[in-house]
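Enquirer: Chain residues, written in single-letter form:
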Amino acid sequence: MSLLVLANIEVRYGRLTAVRGVSLSIKDGDTVFITGPNGAGKSSLLRAIAGVTPASCGTIDFDGYNITGKAPEDIARLGFSMVPEGRDVFGSLTVEENLMVGTGMKARDRGWKAKTAEDLEAVYQTFPILKERRHGQAGLLSGGQQQMLVIGRALMTNPRLIAIDEPSLGLAPNITDQVYERLIALQSLKALTLLIVEQSSTRATLVGGRMLLMRGGQIVLDGNAREVGNSAAVQAAYFGYEDH
Amino acid sequence: MLQIVFDSLSLGSLYALGALGIALIFGVMRLVNFAHGDVIAFSIFALLWPSTDALAIVFAGQLPWYLLIPFVLLIGAGLSVLCEIVVFRRFRRASPATMMIASFALGFVIRYFLLMLFTSRPKSISLLPMLSQPVEIFGARLPLLQLITIIATVIILVGLTLFLRRTRFGLEMRAAAENFSMARMLGVRANRVIMGAFALSGALAGAIAMIFGSQTGTVDIQMGASIMLMAFIATVIGGLGSLAGAVLAGFLLGAASVIMQVVLPVDARPFRDAFVYGAVILVLLFRPQGLIAARGTKERV
Amino acid sequence: MAYETRILGKTRLLAMAMAAVMAAFPALADDGKIVVGFATAASGFMEAYDKPAQDAAMIRINEINAAGGLLGKKIEVVSADTKSDRAEGAKAGLSVIDQGADLVVVSCDYDFGAPAALAAEDAGLVSFFLCAESVKAGIQGVGPHSFSASVLAAVQGATMAEWAYKEKKAKTFYRLLDTWTEYNKGICDGFDWMMPKIAAEGAKLLGQDTFKNDDASIAAQITRIKSLPQEPDAIMLCTMMPGAVSAIKQIRAAGINSMILNGSGVDGSYWLSAVPDLSNFYTPVQGSIYGDDPNPDVQKFNAAYKTATGTDPSSQYVYPGYSMIDVWAKAVERAKTTEADGVVAELEKMKDEPTLFGPRTFTAELHHQNKARYLIVGVDKGKPGVVGSWTISEAVPMSALVK
Amino acid sequence: MTDASLSTLPETLANPRKPAPFALARKTIITPILLSLLVLAIAALTVMLGSRPFNQAMIDIMVRVVLVVGLYIFIGNSGVLSFGHIGFTCLGAYAAAWLTINPLMKKASLPGLPSFLLEARLPYWQSAIIAALFAGFAALIFGKVLMRLSGIAASIATFAVLAMINTIYSNWESVTGATSSVVGIPIVRTLWPYAGAAVVAIFIAWGHAISRSGLALRAARDEPTAAAASGVDIPRERLVAFTISGAIMGLGGAAMAHSIGVVTPDTFYLGLTFITLSMLVVGGMGSLSGAVIGVLLLSALIQALRWLEAGVPLGSTTFALPKGLQEIALGVIMIVILALRPAGLIGNREITLFRVNRNK
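Read top to bottom, the protein sequences are chains A, B, C and D.
Plus 1468 on top of the position in the first sequence (first one is 1) and you've got the working numbering.
Plus 58 on top of the position in the second sequence (first one is 1) and you've got the working numbering.
Plus 25 on top of the position in the third sequence (first one is 1) and you've got the working numbering.
Plus 1383 on top of the position in the fourth sequence (first one is 1) and you've got the working numbering.
These are calculated hints, taken from the structure and not from any lab test.
For each residue, glycine too, the CB sits at the ideal point set by N, CA and C.
Check before you lean on any hint, since a few could be wrong.
[Claimed, not checked] Here's a subset of chain B near chain A, in silico, CB distances under 7 angstroms, partners left out:
| hint | residue |
| --- | --- |
| 1 | M188 |
| 2 | P192 |
| 3 | E194 |
| 4 | R226 |
| 5 | L229 |
| 6 | E236 |
| 7 | N237 |
| 8 | M240 |
| 9 | R242 |
| 10 | M243 |
| 11 | L244 |
| 12 | G245 |
| 13 | R250 |
| 14 | S284 |
[What the hints assert, rightly or not] Take a look, some chain D residues computed to stay more than 12 angstroms from chain B by CB distance:
| hint | residue |
| --- | --- |
| 15 | L1432 |
| 16 | R1572 |
| 17 | P1576 |
Let's have the full structure, built from the sequences with the hints guiding it.
Expert: Written out as C-alpha cells, the structure reads:
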C-alpha cells in the first residue's frame, strides 16, 4: 500500500521553479533516498510535502488523506514527521523539553501521560547520551548529539514516516555512521517509513533501499540504491552541465 | 541612593512589561506590533463611559480592585486577540515590513476610534487612590504605588516564567518563539500559540495601563506611545525574540533614564533622551543581536 | 499597459475631484457682509482646545448680530478644519481666505495656528489666535496684522511668583519645567524674570529641574526635590495637560506638600478626581468657571455658554474667544471698515480696554497682553474656588519675552 | 531557498566589464520619464484648474513624493527599514530656514547661529540645494557608523538617530529655537518648484538604482550571501544609498519648510515617519513606481475621505462621514490593501510603456 503519493508537484519561489512536475509513490515501510546535486530541488520537495512551502501545483496524499495545502501542524498530526536540514533543535530549551514539544498533539488521548513517559524512556534507551544531558540546554549539544535529538524528537510524535533532510551534513563520518545505524535499527523496530535526502549517493549505496535522483527540479532516475548507485547516469547528473 | 534604585526599578518595570508584550508576539510571528501602545490606551479607556465631555464619566472604574484588575487585563487580552483574528491572521506570510505597517495602521484605527468616542482631551480617573500614599522603606520615602509597581512586575514576571516553564502551552510557545516552522512540523498548532501570545501580550498591556493609569491619574489616547517606543527599543537591544533579554533591557533603559536625569547638569538635562538614544546606538553597535541573543532566531527582518 | 490605463483613470479622477473642490469653494469677496473665518481644528487633538474658544466667539458674534450687526452688516461665519495638522492648517487658512474672510481666526496653539495666520498675513488680513500665549503669536512671529486673544504665558509665571511671595509669604521656591512646549517654557520665563525681583526682597530659588510631558515617571525629579535640605514653600510647575496631572499626582504621592504654582493650562475641575484631596494648589485664570467670579457678567456668560453648548465651560480657555470678537468688533466699529490696516491701527490704540475678562492693551510693538489682571483659583481638599486676584507690579518687558 | 541563487545576480555583477549601465539606462529610462510626466500632468492640471487650498494640497503631495522617493532610495534598494530618515528631513528643513530667514529676524530668534548663517539670505532654490547637501552630509556621518548593522538592529539604530536629532533640535534654544516654531521662512506658493523637486528626486532615484552601486545593493538585498561572495561591500553600498537618500530627504525638508513657512521639530517625528513609510509600503517597497504611486493614491484617498467628511451634496441632502471616521477608514483601507497585496500595489515592478517589468 502506498503511504505517500505525489502527483505532478511543482514548487516555485517567485519566478524561480525549484521542483517541476514530480510524481512519486512511496510504500509503507520503505526506505527511500532522494539524492542529487546542490540545487536539484530535493529540500524544496520535502518542504512542500511537509506543508512548509506549499506546492504551487499538484496533489499530495498521505495515508489516504489529501494533504495538499494543509498546514504543517495538521500534516504532522497525520504522522508525517519532518527533520529539516540544519537540525533545528530548540537551542534555549532543555533536551527533554525538546523531546516533549511534539507530544502535545495526542494530549487529549486517554493514557497520554503514561504513553509519553514510555516513549521518552524508549528514546533515551536508543540514545543514552540524551538521557545523560536531558536537563542541559539543547543548544550546547555537539552536532551528532543534536542530530540524535531531532531524530528522537521526531520519534516522540509516533510518526508513520520520518523525512530527514541531510542527516550527515556537517557531521564527522564516524558520527554519521552511528546516526544511520540507529536510524536503520529504529526503522525495523517500529516499521517506520524513511524518506532521506542526501546530496551524495554514497550513503544510499551503502544502506540500500530505493533511490531517487533529482536534477533541475525533476526526478531523473529511480531504482534500487545498490543497483543504480554508481551508474553512468548518476555520474552525469552530478558532474554534467547545470542549467536551472 | 536607594531612592535612585527604586526610581529606576519602577520606571524600568513599565518598560520591561511593555517590552515583554512586544517580544512575546515578535517571538511567534516576527511581528513588531506597533498597535501595542494603542491596546494599552484602549484597556484603560474601557473603564470610562464614552463621552465627549471634559469630565470623565467613570464606568467600570468604580469596581473594587479585585474585579477591576481582572477586568482591565481581560479587556487588553480580548482586544489583542481580536486584532490577531481580524487583522494579523491575514498577514502570516507577509514580510515583516508589511506586517509592521499593518500593525501601525491598526493602531491608528484604534487610536482614532478612541478619539471619536472620547475626544483628544486627556481624562482624569482616580484608580486605586489608596496607592497614592507615601511609605517609608530603609530610609527611602516612596509612594506606595512605586513599591506596588515593582512588586506587581516581579509577580507578573515570576508568574509568566512559571507559566512558560511549567505548562505545556508555555513549552509550545517557547518552542514556537525560537523556531516557529519547526514547532509546527512537530504538530504545534500555529493559531493557538499565536492567539495565546496575543492574549498574554494584551494582558500585559492591560497591566501597564493599570499601573500607568494609577500613577498618572490621567488617561490619554496617546498614553501608550512613549512606553511603546521605549519597550520597542528594549525588545531590540534585549535581543529580539528573547524574553529575558527584553526584561533586562527594559530595566536597563529605565535605569539609564533615571541615572541620566540625576547625573546630568541642569542645562544638559533636557537633552537626556539624546544621551539615552546614543547609548542605544552604542549597545547595538557592540551587540547587534542584542544583549541576550535568542539562539536559533534567524535574521529575518 | 494595464498600469497606463490605471494612471489615466487616476488623472481623470483627480480632474473631477478638482472640479468638485472648485465648486465647493467659490472665491468670493462680497462686500455686502462681514465674514469671520475660522481656520481651527474641528477634529484631531487640538479640537478639544479650539472648539470651546470658538463656541465662546460664536456667542459674541451672535450677540453682535442680534444687536444689529457690525457696521450695519451681519457677521457671517465660515470655517475650515485644520485637522490638528500644520500643513492642513495652511490649507484651512487659504480656504477661509478664499471664502472671503475679513478676519481669520486661527488655532489656539501658536505652533498649530501659525501656518494659517501666515497665510492671512500674506493676504493682508487680520488674524487672531484663539488663545495662544506665546509672544510669537503676533508681530514677532507672524507679522504686523496678527494678534492673540489671550495673555502671555510669561505673565502667568510672573503673576504666580509675585502673588505667592507677596500674598502667601512663600520664601523658598523650586522651578520644575516641562520642556515639551513653548507655552511651558513661557511660564517659566516669566517666573525667571520675576524671581530676581522678589529675591532682592528675600525670596530664594532652591533649585530647578526639567522633565518631559510624556515621561512615564518623574521619580528622579521628585527625588531631587526631596533631597533638598528643606522642602520648598512653593514649586513653580511649568507644564500642561496631560503630563501636568501625572506630575502633580506624583509630587503629592511622594509626600511633598509644598504650594504648587501653575500656569492657566491646568485650570478646570475635570481632572481633579485624579488627585484626591488636592490642596495648596494655585492657578491664574482670566475668569472663573466655578460660579464664583466676582464679576456677575462672567456668570451670565457662563450660563449663556451652557445654553449654547449644553455644557459648562471646562476651563478658562473658553473666555479669550469671547474677548477676541469683542475687541475686534470694537476696532471695526471705530475704524468704520474691516480693512486690515484700519482695524490694526484701532486695535493698537486700545489701552486697558475693558472686556468681560479684564482690561486689554495692544501696542504697535506687542499684539498681546504682557500685563493682566488674573484671578487666582486655589484648590483646597479637591474643591476649586477663587481665592484672590493679582496684577503684576510691572509689565513683563520684551527682553524677558524674546530670548 | 538557496537553490540557484547566483542566477538572480544582475549580469553586471557577474560580468563587470560589460558596459551594461548604458544599455540598462536606455532600457529603463522610460520609468522615470513616465513618473515625471504623471507628476507634471497633475501639476499642470492643478495650476490650470485648482483653487488655492487645492494648490496647497498638491504642494503637500509633491513634497511627499520627494520624501517617499528619498525613502525608497535607501529602503527599497537595501531592504533595510529605516525609521530615521525623517531626521534628515528635519535637518534639511532647519537648514533651509537658517539660510532664508531675514537676518534681522534671525538675530532676534536664533542668536546662536554662526555668523555666516546669520548673515545669509539665499533664494529658496539655493537654500534647498544646500539643505540637501547638508542632510546628505549628516547621513554620510551617521551612516558611516550605522551601516555596519543590518536588519531590525539597523532599523532601531536609525530610529535612535531620529530621536536624537529630535531631542537636540527640540532643546537647542539659540540655534533651532527649541520647540517653538521657527517662522519667517519665505513661503513659496507656486506649485512648479515642488513638482520640479519631485522630478529631480525621481531621476536621482532612478540614476542610483541603475548605477553599479544600486545594482549591487539590490543584489545584496535579494541574496546577501551570494552578493558578499561576489565581492559586494554591503556596508559601503548601503552607505552610498543612505547618503543619497538622506540628501533627498533634506531636499524634501527644505520644500516642506517653504511650503508652510514654519518649522518645528515635532513636525519631523513619528507622525511623518509613519505616514511616509506607509505610502512606500502600500505602493510597493521595492519599486520607484511604487513609491510615487503610493504617495499619489494614498494622498488621493486621504483627500477624498476629507471631502466626504466635510460633506458632499447628494441631491437634496448632504452626505457626510462622521468626524474622525476619515482616519479610521484610512487605516482600514491600508490594512485591506496590504492584506490583499502584501508586496504593495505595484510590488517589485516598475511601470514602462510596453510591459510591466520585474526587478528592472
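Enquirer: Now look at each hint and say whether the structure bears it out.
Expert: Status of the hints after comparison with the structure:
1. M188: Violated - the Cβ of M188 (chain B) stays beyond 7 angstroms from chain A, reaching only about 41 angstroms at its closest.
2. P192: Given a least distance of 42 angstroms, the restraint on P192 (chain B) is violated.
3. E194: violated, 41 angstroms
4. R226: Where the cut-off is 7 angstroms and the nearest Cβ of chain A is about 6 angstroms from R226 (chain B), the hint holds.
5. L229: holds, 6 angstroms
6. E236: Where the cut-off is 7 angstroms and the nearest Cβ of chain A is about 5 angstroms from E236 (chain B), the hint holds.
7. N237: holds, 6 angstroms
8. M240: Since the shortest Cβ distance to chain A is 5 angstroms, the answer is holds.
9. R242: holds, 4 angstroms
10. M243: holds, 5 angstroms
11. L244: holds, 3 angstroms
12. G245: holds, 4 angstroms
13. R250: violated, 9 angstroms
14. S284: violated, 31 angstroms
15. L1432: holds, 32 angstroms
16. R1572: holds, 30 angstroms
17. P1576: holds, 30 angstroms
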